[in-house]
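Chemist: Sequence:
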Amino acid sequence: MSDAPVAKKKLPLHVQILIAMVIGTIIGVMVNPGDIVLSEAITATVTADDGKVQFVEALSSDPTQTLYSETFADRKAFVDSYPRLAEKLADDETETIEVTNARARFVYSMNDVLITWQRTHSGVPAVSNISEASVSKLPSYWRSLAEKHPPGLAGSITTLAKSLGDLFLRLLKMVTVPLILTSLITGVTGLGSQGNFGRMFRKTITYYVATSILAISTGLLLVNLIKPGVGAILPGGGKALEPADQSLTEIIYQQLNRMIPTNPFAAFAGGEFLSIISFAILTGMFINFVGGEHGRQLKNFFEAAFAVMMKMTAWIISLAPIGVAAFMVYATATQGLSVFQTLAWYMLTVFLALLFHAAVILPIIIKFFGKRSPLEYARHMSPALLTAFSTASSNATLPLTMSCVEKRAGISNETSSFVLPLGATINMDGTALYEVVAVLFIAQATPGFDLSVAQQITIAFTALIASVGAAGIPHAGLVMMAIVLQAVGLPLESQGIIIAVDRILDMCRTSVNVWSDSCGCAVVSQSEAS
296 MSDAPVAKKK LPLHVQILIA MVIGTIIGVM VNPGDIVLSE AITATVTADD GKVQFVEALS
356 SDPTQTLYSE TFADRKAFVD SYPRLAEKLA DDETETIEVT NARARFVYSM NDVLITWQRT
416 HSGVPAVSNI SEASVSKLPS YWRSLAEKHP PGLAGSITTL AKSLGDLFLR LLKMVTVPLI
476 LTSLITGVTG LGSQGNFGRM FRKTITYYVA TSILAISTGL LLVNLIKPGV GAILPGGGKA
536 LEPADQSLTE IIYQQLNRMI PTNPFAAFAG GEFLSIISFA ILTGMFINFV GGEHGRQLKN
596 FFEAAFAVMM KMTAWIISLA PIGVAAFMVY ATATQGLSVF QTLAWYMLTV FLALLFHAAV
656 ILPIIIKFFG KRSPLEYARH MSPALLTAFS TASSNATLPL TMSCVEKRAG ISNETSSFVL
716 PLGATINMDG TALYEVVAVL FIAQATPGFD LSVAQQITIA FTALIASVGA AGIPHAGLVM
776 MAIVLQAVGL PLESQGIIIA VDRILDMCRT SVNVWSDSCG CAVVSQSEAS
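Following my numbering, the numbering of the sequence shown begins with 296 at its first residue and continues without gaps.
Worth flagging that the hints you see were computed from the coordinates, not collected in a lab. Even for Gly, the Cβ is constructed at its ideal location relative to N, Cα and C.
The calculated lysine-lysine pairs, modelled on PhoX-like cross-linking and capped at a C-alpha distance of 25 Å, are:
id, residue 1, residue 2
1, K606, K468
2, K666, K498
3, K662, K498
4, K702, K662
5, K305, K606
6, K666, K702
7, K606, K594
8, K702, K498
9, K443, K432
The calculated label-pair distances, taken between Cβ atoms and stated as ranges, are:
id, residue 1, residue 2, range
10, V310, T342, 49 to 59 Å
11, D407, V317, 21 to 31 Å
12, A561, L455, 33 to 43 Å
13, R591, E823, 24 to 34 Å
14, M405, F646, 30 to 40 Å
15, A654, S435, 55 to 65 Å
Model the full assembly from the supplied sequences, consistent with the hints where possible.
Modeler: Shown next as structure tokens:
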């Protein structure tokens with residue numbers, strides 16, 4: 296018998312993440328300091344002066360001790376921020392409001408101290424975040440309160456967890472631009488430029504855009520019906536910077552303008568994702584047009600670069616258990632176990648939206664446009680769908696998907712070899728749907744951030760474009776979500792807590808992506824045959 300040691304089998308990534316989530320939660324619960332109850336009487340005063348509205352909360356016994364203040368450009372802006380509170384106000388220039396159930400939670404990190412300030416205004420709950428670079432820069436009342444309740448070991452653990460989580464997010468941001476560039480150029484150059492390229496390309500793109508829009512619409516509908524983020528507070532987000540007040544036409548025009556970079560290198564350096572995506576697609580097309588030795592060399596170069604970026608991204612994703620553990624420590628230490636109730640509603644919303652798209656919308660399309668039985672076609676594709684679910688990678692599943700489409704569903708290689716590789720690159724119904732739900736969930740949970748219909752359409756449009764650049768590897772949607780968050784000025788850090796439950800959602804949305812690609816083969820094949 297051989298005495299060679301037997302290599303230990305490494306746990307799958309999703310198991311590692313689940314274990315990390317449990318460990319992080321336990322540590323976070325142990326170091327959770329709880330809320331500090333404010334016993335002093337507090338009064339809120341609203342004063343209108345020259346069209347502006349000043350909102351100030353201070354100690355009743357000493358009005359100079361300000362706890363929180365905001366200045367609004369007009370009464371409408373105040374009503375937008377405190378709609379339920381404004382209903383209780385008269386039209387007088389000054390109104391005094393009773394503040395009760397006041398409590399605060401101090402959250403420390405390397406760069407700042409964040410106070411989550413919760414209270415009730417005449418029976419209406421309110422939450423605000425107060426952030427400064429250090430305790431010494433806080434208003435005098437909060438500074439004295441922080442000195443009475445020092446962070447101790449719990450604060451040090453929370454600070455370390457926040458720092459580790461932020462490092463993981465920086466790694467994700469680091470790989471975003473090169474991953475988008477190489478992924479898209481490689482996908483486009485793989486299409487070729489001869490024969491029926493133009494005709495099949497138009498049909499394929501039409502199908503992919505249509506299904507992505509339907510998926511995004513489903514996500515928008517359910518997230519507005521269920522409202523999973525309403526009443527929830529995501530730790531660490533702070534108050535987001537609201538985008539400028541623009542009309543829908545101006546917003547769409549601005550997004551279209553951003554797709555055409557005046558300086559591609561500046562777009563790379565500045566992380567202008569929409570510009571990078573359009574430039575990458577055009578570059579891939581013109582590599583095909585140039586052809587010859589130069590075209591072949593460029594194609595080989597970008598294929599090699601994409602392989603490197605996929606490897607690097609996979610390595611970063613392998614660090615997800617550390618990032619998840621850190622985020623769960625930070626979340627439960629700063630918010631408590633209520634975070635799971637928040638995530639449960641979020642997960643349910645994503646599940647229902649994905650299920651509706653996969654089990655209702657796509658079967659209708661394949662029935663009426665692909666002229667096939669949805670159940671029979673799903674049975675043909677079941678090996679690929681199960682593999683997609685287990686690996687959470689549409690790229691890894693691509694060979695099996697092509698085999699199922701050709702050998703089990705009877706679709707020609709000419710169609711599958713064109714439609715499926717393109718779909719694995721740009722058709723991400725599940726990812727686009729997920730990004731819309733996730734961003735609106737973050738927006739609903741961000742104090743003072745109320746997205747208008749026009750802004751939600753901006754998110755939908757940006758998610759559609761962003762999903763084009765999502766690589767077909769596990770957790771790639773996390774990398775791409777930064778694009779959508781950036782579009783409306785929401786903080787990237789708010790996505791940190793979502794990572795804790797991302798694996799199971801990633802498996803589900805990848806299956807939807809592959810199912811949509813497969814249905815696209817049937818639709819395009821039927822169109823070519825007719």
